[in-house]
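Working from the sequences, and respecting the hints, build out all of it.
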Amino acid sequence: MSVYVLNIGVSRNMRSQSNIDYIECSSFSFSFSPQLLPLIPKPPSKPFSQVRTRLQLTGRPGPKECLLQCFIKRNRSTQTYHLYLSLTNALTDDGKFLLAACKCRRPTCTDYIISLRAEEISKGSSTYVGKLRSNFLGTKFSVFDGQSSNAGAKMTKSRSSRLAYSKQVTPRVPFRNYPTAHISYELNMLGSRGPRRMQCIMDSIPATSIRPGGVAPTPAEFSVNNVNVFPSIPSFHSKSASMKNFLSGPLPHQKDGGALVLRNKSPRWHEQLQCWCLNFHGRVTFASVKNFQLVVSPENGPAGPEHEKIILQFGKVGKDLFTMDYRYPISAFQAFAICLSSFDTKIACE
Numbered sequence: 001m002s003v004y005v006l007n008i009g010v011s012r013n014m015r016s017q018s019n020i021d022y023i024e025c026s027s028f029s030f031s032f033s034p035q036l037l038p039l040i041p042k043p044p045s046k047p048f049s050q051v052r053t054r055l056q057l058t059g060r061p062g063p064k065e066c067l068l069q070c071f072i073k074r075n076r077s078t079q080t081y082h083l084y085l086s087l088t089n090a091l092t093d094d095g096k097f098l099l100a101a102c103k104c105r106r107p108t109c110t111d112y113i114i115s116l117r118a119e120e121i122s123k124g125s126s127t128y129v130g131k132l133r134s135n136f137l138g139t140k141f142s143v144f145d146g147q148s149s150n151a152g153a154k155m156t157k158s159r160s161s162r163l164a165y166s167k168q169v170t171p172r173v174p175f176r177n178y179p180t181a182h183i184s185y186e187l188n189m190l191g192s193r194g195p196r197r198m199q200c201i202m203d204s205i206p207a208t209s210i211r212p213g214g215v216a217p218t219p220a221e222f223s224v225n226n227v228n229v230f231p232s233i234p235s236f237h238s239k240s241a242s243m244k245n246f247l248s249g250p251l252p253h254q255k256d257g258g259a260l261v262l263r264n265k266s267p268r269w270h271e272q273l274q275c276w277c278l279n280f281h282g283r284v285t286f287a288s289v290k291n292f293q294l295v296v297s298p299e300n301g302p303a304g305p306e307h308e309k310i311i312l313q314f315g316k317v318g319k320d321l322f323t324m325d326y327r328y329p330i331s332a333f334q335a336f337a338i339c340l341s342s343f344d345t346k347i348a349c350e
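Numbers 1 to 350, taken from full-length UniProt numbering, label the letters of the sequence shown in order.
I should point out that these hints are in silico values taken from the structure, not numbers from a laboratory.
For each residue, glycine too, the CB sits at the ideal point set by N, CA and C.
Any given hint could turn out to be false.
[As the list claims (entries may be wrong)] Dumping the calculated DSS-like pairs for lysine-lysine here, alpha-carbon to alpha-carbon at most 30 Å:
#1 Lys-290 with Lys-319
#2 Lys-123 with Lys-265
#3 Lys-309 with Lys-96
#4 Lys-290 with Lys-64
#5 Lys-64 with Lys-309
#6 Lys-290 with Lys-103
#7 Lys-319 with Lys-123
#8 Lys-265 with Lys-309
#9 Lys-319 with Lys-96
#10 Lys-265 with Lys-96
#11 Lys-123 with Lys-73
#12 Lys-290 with Lys-73
#13 Lys-290 with Lys-265
#14 Lys-309 with Lys-73
#15 Lys-309 with Lys-319
#16 Lys-309 with Lys-123
#17 Lys-309 with Lys-290
[Said to hold, decoys possible] The calculated label-pair distances, taken between Cβ atoms and stated as ranges, are:
#18 Val-215 with Thr-108: 35 to 43 Å
#19 Asp-320 with Leu-137: 22 to 30 Å
#20 Thr-218 with Lys-309: 14 to 22 Å
#21 Glu-120 with Leu-87: 21 to 29 Å
#22 His-307 with Asn-75: 31 to 39 Å
#23 Asn-75 with Gln-272: 34 to 42 Å
#24 Asp-320 with Arg-105: 16 to 24 Å
#25 Glu-299 with Cys-104: 32 to 40 Å
#26 Pro-298 with Leu-87: 31 to 39 Å
#27 Gln-272 with Asn-89: 26 to 34 Å
#28 Pro-212 with Arg-106: 39 to 47 Å
Okay, here's the thing in structure tokens:
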């Protein structure tokens with residue numbers, strides 16, 4: 001039996017009455033029993049014990065064979081977001097802390113600063129790993145990594161140098177921001193009902209990475225000094241001028257063999273329920289316009305099995321709790337940045 005979670009850009013409420021949950025959509029509502037949730041098949045998860053270190057996990061591509069299950073906690077008062085790795089199949093658990101982000105509003109854009117430490121989120125910090133920047137309308141975003149200027153330096157491998165085992169604050173290290181991805185939300189000028197439409201161009205990941213024998217770039221693990229966070233890939237990195245053009249102009253078309261392009265999976269319209277539906281396999285329990293699933297875009301070549309796989313899915317499970325599941329070829333850092341774009345207010349997209 002399949003249970004679907006709705007993803008539609010209209011007002012909805014979820015409430016509980018007599019052990020039955022109701023999801024309202026437009027003028028029609030339906031119900032399902034919470035006791036059915038354990039029966040919903042869940043995608044296989046990867047235990048944290050198989051991951052060498054937290055620092056490697058955040059910067060390297062996810063597993064090929066399954067989705068790595070994570071969740072994001074939002075704090076509205078501080079405008080911060082914390083990413084955790086799920087240690088169990090439960091939708092709510094303590095988890096293992098991975099990354100933190102803080103929202104910073106500016107006159108013409110919004111920045112989300114991403115850090116390895118929840119208590120130390122700033123671009124000047126040694127734990128700074130990157131940022132997400134939006135345009136004024138909140139319809140286009142750019143993901144930057146905070147690669148150190150001394151990227152050629154050899155990274156220390158000592159146990160004490162790793163953030164996971166050290167609380168010492170290190171000196172500031174000069175850095176450069178390298179664009180690694182572009183995210184665009186399609187404008188909805190007519191105000192028609194339906195889920196958001198988004199596209200992600202992964203500048204640092206070649207389209208060939210999803211083909212048989214293809215390999216995604218495997219950067220060195222994040223270091224406490226932020227050395228070699230993401231090795232430079234000249235063939236996919238954009239110039240500063242290109243970044244400005246992206247934030248203000250149309251989304252560029254990607255040719256076959258270029259950067260990997262991801263698009264949101266199209267939901268199906270349910271005539272009986274009069275709503276848009278996506279199957280999250282029990283990983284999402286609240287209907288929200290923020291919910292999405294990303295798959296490989298058809299423009300990356302002929303459709304194949306890899307084009308059907310969910311690369312990233314994000315959805316609401318509580319007032320300020322969201323699941324984030326990702327897989328190869330993107331990393332936790334890239335997945336987190338993409339999900340942060342869904343939190344941002346979007347004018348003329350809904």
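Here's how the hints hold up against the structure:
1. Distance check on the hinted pair: Lys-290 and Lys-319 sit about 12 Å apart at the alpha-carbon level, within 30 Å; holds.
2. Between the alpha carbons of Lys-123 and Lys-265 the distance comes to roughly 34 Å, so the proposed pair goes past 30 Å and is violated.
3. The suggested pairing of Lys-309 with Lys-96 holds, with an alpha-carbon distance near 26 Å, which does not exceed 30 Å.
4. Taken as a hint, the Lys-290 and Lys-64 pair is honoured in the structure, with Cα atoms around 25 Å apart against an allowance of 30 Å.
5. The straight-line distance between the Cα atoms of Lys-64 and Lys-309 is roughly 10 Å, inside the 30 Å bound, and the hint therefore holds.
6. A hinted pair counts as satisfied when its Cα atoms are at most 30 Å apart, and Lys-290 with Lys-103 qualifies at roughly 17 Å.
7. Restraint check: the Cα-Cα separation between Lys-319 and Lys-123 comes to about 29 Å, which is no more than 30 Å; the hinted pair holds.
8. The hinted pair formed by Lys-265 and Lys-309 meets the criterion: a straight-line CA distance of about 10 Å does not exceed 30 Å.
9. For the proposed pair Lys-319 and Lys-96, the alpha carbon gap of about 20 Å is at most 30 Å, so the pair holds.
10. Pair hint Lys-265 plus Lys-96 holds up; C-alpha atoms about 29 Å apart against a cutoff of 30 Å.
11. Between Lys-123 and Lys-73, the direct Cα distance comes to roughly 21 Å. Compliance with the 30 Å bound is thereby established for this hinted pair.
12. For the suggested pair Lys-290 and Lys-73, the alpha carbons sit about 14 Å apart, so the restraint of at most 30 Å is met.
13. Our distance criterion of 30 Å between C-alpha atoms is met by Lys-290 and Lys-265, whose separation comes to about 13 Å.
14. Taking the CA atoms of Lys-309 and Lys-73, the gap is near 26 Å; set against the 30 Å cutoff, the hint holds.
15. A hinted pair counts as satisfied when its Cα atoms are at most 30 Å apart, and Lys-309 with Lys-319 qualifies at roughly 28 Å.
16. With a CA separation close to 35 Å, the supplied pair Lys-309 and Lys-123 exceeds the 30 Å bound.
17. This hinted pair checks out: Lys-309 and Lys-290 have alpha carbons roughly 20 Å apart, not beyond 30 Å.
18. The beta-carbon spacing between Val-215 and Thr-108, approximately 38 Å, falls within the hinted interval of 35 to 43 Å.
19. Separated by about 25 Å at the C-beta atoms, Asp-320 and Leu-137 satisfy the suggested range of 22 to 30 Å.
20. Range check, Thr-218 to Lys-309: about 19 Å between beta-carbon atoms, so the 14 to 22 Å window is met.
21. Between Glu-120 and Leu-87 the CB atoms are about 24 Å apart, so this pair conforms to the stated range of 21 to 29 Å.
22. Evaluation of the 31 to 39 Å hint for His-307 and Asn-75 yields a pass: the beta carbon distance comes to about 36 Å.
23. Restraint check, Asn-75 to Gln-272: a C-beta distance of roughly 39 Å satisfies the suggested window 34 to 42 Å.
24. At roughly 19 Å, the beta carbons of Asp-320 and Arg-105 sit within the given window of 16 to 24 Å.
25. At about 33 Å, the CB distance of Glu-299 to Cys-104 agrees with the hint of 32 to 40 Å.
26. The hinted window of 31 to 39 Å between Pro-298 and Leu-87 holds, with their beta carbons roughly 36 Å apart.
27. Between Gln-272 and Asn-89, the C-beta spacing of about 30 Å keeps the proposed range 26 to 34 Å intact.
28. Distance hint check for Pro-212 and Arg-106: the Cβ-Cβ separation is about 44 Å, which falls inside the suggested range of 39 to 47 Å.
Violated hints, listed in ascending order, are 2 and 16; each of the other numbered hints is respected by the structure.
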